[in-house]
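Use the sequences and the hints to build the structure in full.
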Amino acid sequence: MGPAFYIAAGVAIFSTIMVITRYNIMHALLYLIVSLLSVAVIFFLYGAPFMAALEVIIYAGAIMVLMIFFVMMLNLGPQTAGDERHWLSPRIWIGPAVLCAVLLIELGYLILQPPVLPAGEIVMVDPKAVGKSLFGPYVLAVELAGMLLMAGIVGAYHLGRQKKKITHRFLERTAQ
Amino acid sequence: MIISTTAGLVLAGILFVLGLVSMLIRRNIIFMLVSVEIMLNAAGLAFIVAASRWGQPEGQVMFMFILAMAAAEVSVGLALILQLYHQLKTLDSDEASKMNG
Chain H
1 MGPAFYIAAG
11 VAIFSTIMVI
21 TRYNIMHALL
31 YLIVSLLSVA
41 VIFFLYGAPF
51 MAALEVIIYA
61 GAIMVLMIFF
71 VMMLNLGPQT
81 AGDERHWLSP
91 RIWIGPAVLC
101 AVLLIELGYL
111 ILQPPVLPAG
121 EIVMVDPKAV
131 GKSLFGPYVL
141 AVELAGMLLM
151 AGIVGAYHLG
161 RQKKKITHRF
171 LERTAQ
Chain P
1 MIISTTAGLV
11 LAGILFVLGL
21 VSMLIRRNII
31 FMLVSVEIML
41 NAAGLAFIVA
51 ASRWGQPEGQ
61 VMFMFILAMA
71 AAEVSVGLAL
81 ILQLYHQLKT
91 LDSDEASKMN
101 G
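Heads up: the sequence lines are chains H and P, in that order. Per this note's numbering, the very first residue in the first sequence carries number 1; after that it's consecutive. Per this note's numbering, the very first residue in the second sequence carries number 1; after that it's consecutive.
Everything labelled a hint here was simulated from the structure, so no lab data went into it. Hints may be right or wrong, so weigh each one.
The calculated label-pair distances, taken between Cβ atoms and stated as ranges, are [claimed, not checked]: (1) L99/H - K89/P: 31 to 41 Å; (2) H86/P - P90/H: 39 to 49 Å; (3) M72/H - Q56/P: 15 to 25 Å; (4) T90/P - L149/H: 24 to 34 Å; (5) M69/P - Q79/H: 44 to 54 Å; (6) Q83/P - Q113/H: 42 to 52 Å; (7) K128/H - H86/P: 40 to 50 Å; (8) Q83/P - M26/H: 18 to 28 Å; (9) L66/H - Q56/P: 28 to 38 Å; (10) K89/P - V123/H: 45 to 55 Å.
We put the beta carbon where it would ideally sit given N, CA and C, even for glycine.
Structure below.
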């Protein structure tokens with residue numbers, strides 16, 4: 001189990017770094033799919049096979065396909081990659097990156113401290129327990145998530161709707 | 001099993017910080033949305049690791065809520081980016097600094 005975890009973790013970190021340094025959006029999205037798949041492997045190793053399946057289906061499947069279709073629909077072209085290369089000069093990113101690295105080192109130091117509780121081993125949580133918990137004490141939160149998804153659908157439709165342009169052809173000619 | 005809770009939490013921290021750096025340094029709006037996704041995914045990883053540490057299903061339940069919220073957020077965010085691109089003809093987030101109501 002140990003080598004599998006470290007291989008998957010290395011793939012996840014490397015592909016995430018590739019995501020945040022690409023100029024082309026499509027390349028970054030493909031690397032992000034690889035990152036999500038490796039995180040799904042890690043979920044499986046931590047005893048959550050149902051969540052690994054959900055990660056593959058919903059994150060790497062549905063959400064990433066939605067973003068790829070969106071990028072295809074915008075039809076950006078090489079101009080955007082050139083803009084991105086211009087915006088992402090080292091003078092801009094070195095400051096925030098160094099500050100976040102300091103925070104990361106501090107976080108790792110605090111986690112690697114000797115734990116108060118005895119360090120336990122991985123416990124398998126089966127999907128049945130998750131389902132009983134989801135529809136037992138958390139059923140109100142499930143309903144709220146349903147309302148959130150409904151609001152997301154209606155909001156996305158309302159925002160993405162094109163204004164219907166009604167112009168007669170003669171009027172359009174005079175308008176030019 | 002050999003893998004420890006600590007390794008999973010450190011990995012979640014690294015992924016979250018990478019998403020945070022990307023959020024801070026990028027000016028393309030789609031990349032900012034992608035980095036929000038990276039951060040949400042790292043938070044979900046931390047929840048899963050905690051769930052397996054204590055053997056409780058609450059962490060996985062919370063990951064499912066994160067998943068639902070990410071789906072709704074991506075759909076609304078992409079619609080907003082679409083409108084912004086139609087109005088400004090660019091993906092630069094600095095161009096959207098004028099709030100003409």
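Status of each hint after checking the structure:
no. : hint                       : result
1   : L99/H - K89/P: 31 to 41 Å  : 33 Å, holds
2   : H86/P - P90/H: 39 to 49 Å  : 33 Å, violated
3   : M72/H - Q56/P: 15 to 25 Å  : 42 Å, violated
4   : T90/P - L149/H: 24 to 34 Å : 30 Å, holds
5   : M69/P - Q79/H: 44 to 54 Å  : 33 Å, violated
6   : Q83/P - Q113/H: 42 to 52 Å : 48 Å, holds
7   : K128/H - H86/P: 40 to 50 Å : 47 Å, holds
8   : Q83/P - M26/H: 18 to 28 Å  : 22 Å, holds
9   : L66/H - Q56/P: 28 to 38 Å  : 32 Å, holds
10  : K89/P - V123/H: 45 to 55 Å : 53 Å, holds
When held up to the earlier numbered hints, the structure conflicts with 2, 3, 5 and fits the remainder.
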